[in-house]
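In order, the protein sequence lines correspond to chains L and G. Start counting the first sequence at 128; every next residue gets the next number (my numbering). Start counting the second sequence at 128; every next residue gets the next number (my numbering).
Don't take each hint at face value.
Since the list gives no way to pick out one identical chain from another, each pair is judged satisfied if it fits inside one copy or across any two copies.
[Claimed, not checked] No more than 27 Å apart at the CA atoms, straight line, and that leaves these computed lysine-lysine pairs for DSS-like:
1) Lys207 to Lys572
2) Lys426 to Lys484
3) Lys168 to Lys207
4) Lys426 to Lys298
5) Lys484 to Lys556
6) Lys307 to Lys354
7) Lys139 to Lys484
8) Lys207 to Lys484
9) Lys539 to Lys340
10) Lys207 to Lys298
11) Lys572 to Lys539
12) Lys320 to Lys556
13) Lys556 to Lys572
The hints are simulated quantities; they were obtained by calculation from the structure and are not laboratory data.
There are 2 protein chains.
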Amino acid sequence: MSSKLTFRNVLKPENVITELHWSDIRFPTSLEAHGSDAMHKDPDYSAAYVTIHAGGLSLVGHGLTFTVGRGNEIVCAAIKSLEPLVVGRSLVDIFTDFALFWHSLTCETQLRWIGPEKGAIHLAVAAVINALWDLWGKIECKPVWELLSDMSPEEIISLIDWQYLSDAITKDEALAILHKQYPSRRERIESVKQTGYPAYTTSAGWLGYSNEKIQALCREALDDGFKMFKVKIGQDVSDDIRRLKVIRKEIGPDTPLMSDANQRWDVDVAISHMTALSEFNLRWIEEPTSPDDILGHAKIGRALRPLGIGIATGEHCHNRVMFKQFLESGAMDYCQIDSCRLGGINEIISVLLLAAKFGIPVCPHAGGVGLCEFVQHLSIFDYVCVSGTMEGRVIEYVDHLHEHFLDPVVIKDGCYMVPSLPGYSGEMKEESRAAYLYPTGSVWKTLLDSQ
Amino acid sequence: MSSKLTFRNVLKPENVITELHWSDIRFPTSLEAHGSDAMHKDPDYSAAYVTIHAGGLSLVGHGLTFTVGRGNEIVCAAIKSLEPLVVGRSLVDIFTDFALFWHSLTCETQLRWIGPEKGAIHLAVAAVINALWDLWGKIECKPVWELLSDMSPEEIISLIDWQYLSDAITKDEALAILHKQYPSRRERIESVKQTGYPAYTTSAGWLGYSNEKIQALCREALDDGFKMFKVKIGQDVSDDIRRLKVIRKEIGPDTPLMSDANQRWDVDVAISHMTALSEFNLRWIEEPTSPDDILGHAKIGRALRPLGIGIATGEHCHNRVMFKQFLESGAMDYCQIDSCRLGGINEIISVLLLAAKFGIPVCPHAGGVGLCEFVQHLSIFDYVCVSGTMEGRVIEYVDHLHEHFLDPVVIKDGCYMVPSLPGYSGEMKEESRAAYLYPTGSVWKTLLDSQ
Numbered sequence: 128m129s130s131k132l133t134f135r136n137v138l139k140p141e142n143v144i145t146e147l148h149w150s151d152i153r154f155p156t157s158l159e160a161h162g163s164d165a166m167h168k169d170p171d172y173s174a175a176y177v178t179i180h181a182g183g184l185s186l187v188g189h190g191l192t193f194t195v196g197r198g199n200e201i202v203c204a205a206i207k208s209l210e211p212l213v214v215g216r217s218l219v220d221i222f223t224d225f226a227l228f229w230h231s232l233t234c235e236t237q238l239r240w241i242g243p244e245k246g247a248i249h250l251a252v253a254a255v256i257n258a259l260w261d262l263w264g265k266i267e268c269k270p271v272w273e274l275l276s277d278m279s280p281e282e283i284i285s286l287i288d289w290q291y292l293s294d295a296i297t298k299d300e301a302l303a304i305l306h307k308q309y310p311s312r313r314e315r316i317e318s319v320k321q322t323g324y325p326a327y328t329t330s331a332g333w334l335g336y337s338n339e340k341i342q343a344l345c346r347e348a349l350d351d352g353f354k355m356f357k358v359k360i361g362q363d364v365s366d367d368i369r370r371l372k373v374i375r376k377e378i379g380p381d382t383p384l385m386s387d388a389n390q391r392w393d394v395d396v397a398i399s400h401m402t403a404l405s406e407f408n409l410r411w412i413e414e415p416t417s418p419d420d421i422l423g424h425a426k427i428g429r430a431l432r433p434l435g436i437g438i439a440t441g442e443h444c445h446n447r448v449m450f451k452q453f454l455e456s457g458a459m460d461y462c463q464i465d466s467c468r469l470g471g472i473n474e475i476i477s478v479l480l481l482a483a484k485f486g487i488p489v490c491p492h493a494g495g496v497g498l499c500e501f502v503q504h505l506s507i508f509d510y511v512c513v514s515g516t517m518e519g520r521v522i523e524y525v526d527h528l529h530e531h532f533l534d535p536v537v538i539k540d541g542c543y544m545v546p547s548l549p550g551y552s553g554e555m556k557e558e559s560r561a562a563y564l565y566p567t568g569s570v571w572k573t574l575l576d577s578q
Numbered sequence: 128m129s130s131k132l133t134f135r136n137v138l139k140p141e142n143v144i145t146e147l148h149w150s151d152i153r154f155p156t157s158l159e160a161h162g163s164d165a166m167h168k169d170p171d172y173s174a175a176y177v178t179i180h181a182g183g184l185s186l187v188g189h190g191l192t193f194t195v196g197r198g199n200e201i202v203c204a205a206i207k208s209l210e211p212l213v214v215g216r217s218l219v220d221i222f223t224d225f226a227l228f229w230h231s232l233t234c235e236t237q238l239r240w241i242g243p244e245k246g247a248i249h250l251a252v253a254a255v256i257n258a259l260w261d262l263w264g265k266i267e268c269k270p271v272w273e274l275l276s277d278m279s280p281e282e283i284i285s286l287i288d289w290q291y292l293s294d295a296i297t298k299d300e301a302l303a304i305l306h307k308q309y310p311s312r313r314e315r316i317e318s319v320k321q322t323g324y325p326a327y328t329t330s331a332g333w334l335g336y337s338n339e340k341i342q343a344l345c346r347e348a349l350d351d352g353f354k355m356f357k358v359k360i361g362q363d364v365s366d367d368i369r370r371l372k373v374i375r376k377e378i379g380p381d382t383p384l385m386s387d388a389n390q391r392w393d394v395d396v397a398i399s400h401m402t403a404l405s406e407f408n409l410r411w412i413e414e415p416t417s418p419d420d421i422l423g424h425a426k427i428g429r430a431l432r433p434l435g436i437g438i439a440t441g442e443h444c445h446n447r448v449m450f451k452q453f454l455e456s457g458a459m460d461y462c463q464i465d466s467c468r469l470g471g472i473n474e475i476i477s478v479l480l481l482a483a484k485f486g487i488p489v490c491p492h493a494g495g496v497g498l499c500e501f502v503q504h505l506s507i508f509d510y511v512c513v514s515g516t517m518e519g520r521v522i523e524y525v526d527h528l529h530e531h532f533l534d535p536v537v538i539k540d541g542c543y544m545v546p547s548l549p550g551y552s553g554e555m556k557e558e559s560r561a562a563y564l565y566p567t568g569s570v571w572k573t574l575l576d577s578q
């Protein structure tokens with residue numbers, strides 16, 4: 128049952144990492160105004176893409192971190208700076224004490240200055256760690272959610288860098304959470320394989336859509352089986368009301384509907400803007416203000432909870448220390464981990480455990496490119512091993528760019544189907560990586576030549 | 128009196144920025160183990176160095192952001208990514224609405240994803256903004272502290288991006304703080320020109336020093352007129368006690384002595400470690416835990432204040448939203464702004480105003496390379512225009528690398544003397560920039576060849 132015992136049989140000390148490649152891959156999504164919100168008006172969904180090769184292994188680890196275009200080159204520069212810490216390391220050593228290896232990246236004595244554990248360097252760590260988990264899954268011949276679900280509670284907590292966590296959660300508390308779910312995990316695996324994991328869609332909710340477009344997209348989403356919806360708000364209260372009226376008319380008064388302001392407001396403006404929208408029965412307001420503002424989110428939460436509106440945030444929450452504070456101070460009702468903002472699965476597990484301790488549901492951020500592919504593994508693991516429930520939990524879903532992946536997400540009747548191929552599902556097709564390489568891939572050459 | 132009126136006479140719309148240069152400059156300080164602390168054992172003090180040229184102007188703006196070696200190349204990559212936002216801009220436009228220009232760098236719709244306002248991209252913003260202030264000072268023929276001190280309260284608050292601040296401080300509150308000090312500012316200018324601004328030294332306090340070395344360095348510092356001292360602690364409580372005993376014996380029981388753990392501890396460990404050192408009459412413990420942990424610092428503060436120990440932090444505090452929370456929640460007794468971690472003077476002014484509102488003294492982080500040169504301007508401006516007092520305030524001082532600057536700090540009798548040359552004092556000698564350019568400068572060539 129122990130995955131570590133398994134890999135020890137497959138891997139040998141001579142399986143040493145020989146190559147860490149990175150590439151700057153961008154999709155010109157801004158041309159179609161997909162994904163525009165109150166703060167990111169022209170995103171080109173992008174990936175700082177990593178492959179990891181090891182001696183004596185034909186399997187290759189694929190990972191990425193997500194950005195929205197410009198700046199992707201800076202994250203690639205940061206991946207390059209991590210290379211000496213990765214190449215030459217034995218996979219057995221890494222997977223035997225993954226927390227120590229993670230710490231060696233995030234706490235490198237010189238590099239940590241430009242974080243620590245935040246910004247470009249932490250996004251780069253995520254890409255590397257995501258690729259290592261993909262490789263580990265492929266070595267074990269398991270999707271990553273299963274690799275994790277097959278671990279014992281003790282193995283799971285050994286993946287985490289516990290620095291700065293002990294005032295909020297101890298290893299013993301974490302073990303108790305995991306042991307509580309351990310005996311019944313097989314039942315949940317069977318159950319989620321049957322039903323999938325519920326998703327919500329933002330397809331009808333982007334800023335600037337006409338009433339007719341919103342209507343058509345709501346109907347399409349309902350036909351596709353979606354039972355939860357999200358709408359982008361925050362530029363103009365009267366336009367928000369216009370779009371919310373159309374959506375509510377289409378989906379009915381009680382279908383879960385969430386809202387997202389993408390960091391648009393000051394604290395008191397968030398409270399007044401959302402109060403003006405209280406008739407629309409919104410489950411949460413996401414990123415109402417600066418993603419760093421723990422106390423601000425707590426204040427907004429105290430004002431809006433009596434109106435039935437919860438606080439969701441996390442996609443820009445940069446490390447476990449920030450999540451710790453959001454969770455312990457009641458500043459977050461829905462915990463939106465990001466698979467690339469945090470430093471990969473190792474750090475994410477610590478946040479899942481913190482959320483379980485404080486009784487806050489985890490509803491991952493997705494969309495972008497590759498995020499849906501990653502987070503399905505995390506939510507399934509959370510359900511099977513940590514929270515033990517799907518109640519109040521839902522994964523974001525956006526129907527963009529999945530065609531570029533070898534093992535794209537499968538959505539049926541508004542739910543993510545459980546992935547079954549080995550790895551972390553983030554491997555992009557070789558032809559896509561070539562065509563969208565920035566700025567020399569064929570798509571960009573054509574675009575830049577025509578400008 | 129209005130500097131804006133002045134520059135409008137000097138600058139013309141055709142003074143447009145034509146070049147933004149960056150270079151990766153590193154000093155091999157790790158060879159001498161200068162500056163080692165509990166988390167940064169081998170710093171190579173480094174600068175991502177910026178020069179800004181404008182058409183029709185012979186003056187050049189020089190700025191930098193500080194790092195500790197590896198990772199400096201990532202910040203340089205981030206500066207490169209900012210270039211299109213800077214080159215082509217008119218200096219008149221920038222200085223007329225500096226807050227808007229600042230926002231255009233920190234909130235660029237794609238680049239902001241890899242922050243926002245944190246990590247490599249924000250350090251890069253600092254280098255650019257520092258260079259622009261240097262250029263503005265040179266154009267006005269004033270040191271930057273004087274350029275600022277000659278501005279009206281209204282001009283000063285127009286420098287700030289107010290997004291996310293209004294729940295803690297309004298523009299009217301900020302104006303009231305500035306107007307209170309405005310009539311008496313000339314007296315304080317004369318006074319600080321006479322006395323200088325008090326400094327403390329860490330020279331005797333680094334980890335790993337022998338009793339004899341500590342003794343000698345304490346005596347030297349006392350001879351030089353220093354009246355406040357800081358010691359690095361946190362690796363081992365018994366070694367901390369050994370060194371504190373030697374220092375206290377040398378400087379006496381009542382001379383202000385501060386301590387710095389450089390993020391070493393978990394929250395509860397910080398409390399127990401510092402409780403064990405309570406006999407040494409330590410004014411503050413600096414960075415006891417993760418620099419992101421507002422609630423953790425608040426808890427440590429509640430435990431240690433009854434022992435007479437305050438909480439100092441800020442050198443890794445990445446933006447005004449974090450400072451806002453530290454200040455309003457009582458998590459910080461001493462506010463240690465960093466001239467390069469925050470996005471330059473514009474953002475720093477907002478933190479000075481927040482600190483004044485919440486009654487917390489600002490004691491800037493310095494040392495490294497160039498930091499002492501910058502922060503003297505900030506503390507003098509704080510004294511003249513914002514806080515109106517030096518009580519409980521002191522600037523860090525480390526005697527490293529000043530010889531590389533054209534206008535190095537001058538310390539007399541333990542105080543920073545007021546700088547008088549135009550600009551921000553961060554211009555490095557051309558020969559130093561050439562010799563320490565990484566990895567092709569003569570110093571690095573020799574070093575790398577010999578390894």
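Exercise. Indicate which option fits the pair Lys426, Lys484 if close means a Cα-Cα distance not exceeding 27 Å: within, between, both or neither.
Key: Both, since 22 Å and 20 Å are each at most 27 Å.
Quiz item: How would you label the pair Lys307, Lys354 (within, between, both, or neither) given a Cα cut-off of 27 Å?
Solution: neither (30 Å within a copy, 58 Å between copies)
Exercise. Go through the copies and call it for Lys556 and Lys572: within, between, both or neither, with a Cα cutoff of 27 Å.
Key: within (19 Å within a copy, 42 Å between copies)
Practice problem: State whether the alpha carbon distance between Lys539 and Lys340 is at most 27 Å within one copy, between copies, both, or neither. | Solution: within (23 Å within a copy, 71 Å between copies)
Self-check item: Status of Lys556 relative to Lys484 across identical chains (alpha carbons, at most 27 Å)
Solution: neither (39 Å within a copy, 55 Å between copies)
Exercise. At 27 Å max between alpha carbons, let me know whether Lys139 reaches Lys484 within a copy, between copies, both or neither.
Key: Neither, since 37 Å and 61 Å both go past 27 Å.
Quiz prompt | 27 Å Cα threshold - placement of Lys207 relative to Lys168 | solution = between (29 Å within a copy, 22 Å between copies)
Quiz item: Quick one: Lys320 to Lys556, C-alpha cut-off 27 Å, is that within a copy, between copies, both, or neither?
Solution: Classified as within: same-chain Cα gap 26 Å, cross-chain 66 Å, threshold 27 Å.
Exercise. Evaluate Lys207 and Lys484 at a C-alpha cut-off of 27 Å and name the case that applies: within, between, both or neither.
Key: Neither: 37 Å inside a copy, 43 Å across copies.
Self-check item: Status of Lys298 relative to Lys207 across identical chains (alpha carbons, at most 27 Å)
Solution: Result: close neither inside a copy nor across copies, 34 Å intra and 43 Å inter.
Self-check item: 27 Å Cα threshold - placement of Lys298 relative to Lys426
Solution: Cα proximity of Lys426 and Lys298: across copies only (21 Å, versus 30 Å in one copy).
Quiz item: How would you label the pair Lys207, Lys572 (within, between, both, or neither) given a Cα cut-off of 27 Å?
Solution: both (24 Å within a copy, 22 Å between copies)
When the structure is compared with the earlier hints, violations turn up for hints 5, 6, 7, 8, 10 and 11 and for no others.
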